[in-house]
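Asks: Listed here are the chains, written in short residue letters.
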Amino acid sequence: MLSMNLAELKQRLDLLVEGNVISSSARSITVDAFQHLLETLGIKDVEQAEMLFTHLPTALTRMENRETLDAFASETMMEEVRNSGSYHLAKEQVRRIEREWKGGLPETEKEFLYLHYTNVIQTNQGGEAN
Amino acid sequence: MKIVIGGQVEKKSIEGLIKEIDPEIETVIKSDLDAAMAIKTKQADYYIGACHTGGGGALAMAIAMLGRDQCETVSMPGRKPDSAKVEQAVKDGKLAFGFTGDHMETAVPMIITAIKNKQ
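These protein sequences, in sequence, are chains L and X. Position in the first sequence (first residue = 1) + 237 = the numbering used here. Position in the second sequence (first residue = 1) + 144 = the numbering used here.
Everything labelled a hint here was simulated from the structure, so no lab data went into it. Fair warning: this is a prediction, and the values are worked out from it, not measured in the lab. Misleading hints may appear alongside valid ones.
[What the hints assert, rightly or not] Simulated crosslink set (DMTMM-like; lysine to aspartate or glutamate; CA at most 25 Å straight-line):
#1 235/X / 170/X
#2 184/X / 251/L
#3 229/X / 304/L
#4 186/X / 329/L
[Stated by the list, open to error] Negatives, chain L to chain X, calculated, CB over 10 Å:
#5 258
#6 268
#7 272
#8 296
#9 315
C-beta atoms are modelled at their ideal positions from N, C-alpha and C, and glycine is treated no differently.
Can you build the whole structure from these sequences, using the hints too?
Replies: Here is the structure:
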């Protein structure tokens, strides 16, 4: 699936909830985050959304279950992300997720979200993804 | 034997690695959802997928569609692939295998060897 609309996202998330892969609260935050991205970019379908919007609910579910992520995005990769023209938009999207999630997100989780968001925003603004 | 490549990243490279090991293995690249469906409907024999963080993208949809008992997380960040565990997973009848993209050069040969040993 190269692009995804809200109905398709909900269908995917419902399968993941039914299969006990993600929690219902992770589902609802993810739907909200997707809608917010659509509004921000003024689009109806998100190109290459699958990775970010699978990562996000599974990461939120992992945090809910108090499982930690040992991975770190490499500093070179993060330097690229911070220099990206869409970094400020990515940060804004992640801030909103944090507000909705209420528990706060660990820095490592946020870095992966910045990475995914900058790629998706660049792709959907017509720019080149990394 | 037919292997469907799902997951989120490195799909072409995974396909290339499988073909390097055995060009006779039939491979097909699909979205994670379609790949999991191919296993469920027996259109393919095994699912292989990778993601960046081990955060679930490699196997999330396969777990949802096939159940956790059919899926094996071969590697995660900080946990390298272990050939004994992969062999056991294949012997146990698991059909879907996920790992982080940076482990693919180790994980793919382990999985393919284990599957071929079982046949």
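Asks: Against this structure, judge whether each hint is valid.
Replies: Quick rundown of the hints versus the structure:
Proximity of residue 235/X to residue 170/X is assessed by CA-CA distance (about 21 Å); at most 25 Å being required, the pair is judged to hold. Restraint check: the Cα-Cα separation between residue 184/X and residue 251/L comes to about 17 Å, which is no more than 25 Å; the hinted pair holds. The hinted pair formed by residue 229/X and residue 304/L meets the criterion: a straight-line CA distance of about 22 Å does not exceed 25 Å. Taking the CA atoms of residue 186/X and residue 329/L, the gap is about 43 Å. The hint is violated against a cut of 25 Å.
Residue 258/L, annotated as away from the interface, has a beta carbon of chain X within 10 Å; the closest lies near 5 Å. No beta-carbon of chain X is positioned within 10 Å of the beta-carbon of residue 268/L; the least distance is around 16 Å. For residue 272/L, the condition that its CB be more than 10 Å from all CB atoms of chain X holds, with the nearest at approximately 21 Å. A Cβ of chain X approaches the Cβ of residue 296/L within 10 Å, the least distance being about 5 Å, so the stated non-interface status is violated.
For residue 315/L, the non-interface assignment is confirmed: its Cβ lies about 13 Å from the closest Cβ of chain X, beyond the 10 Å cut-off.
This entry does not satisfy hints 4, 5 and 8, going by the numbered hints stated previously.
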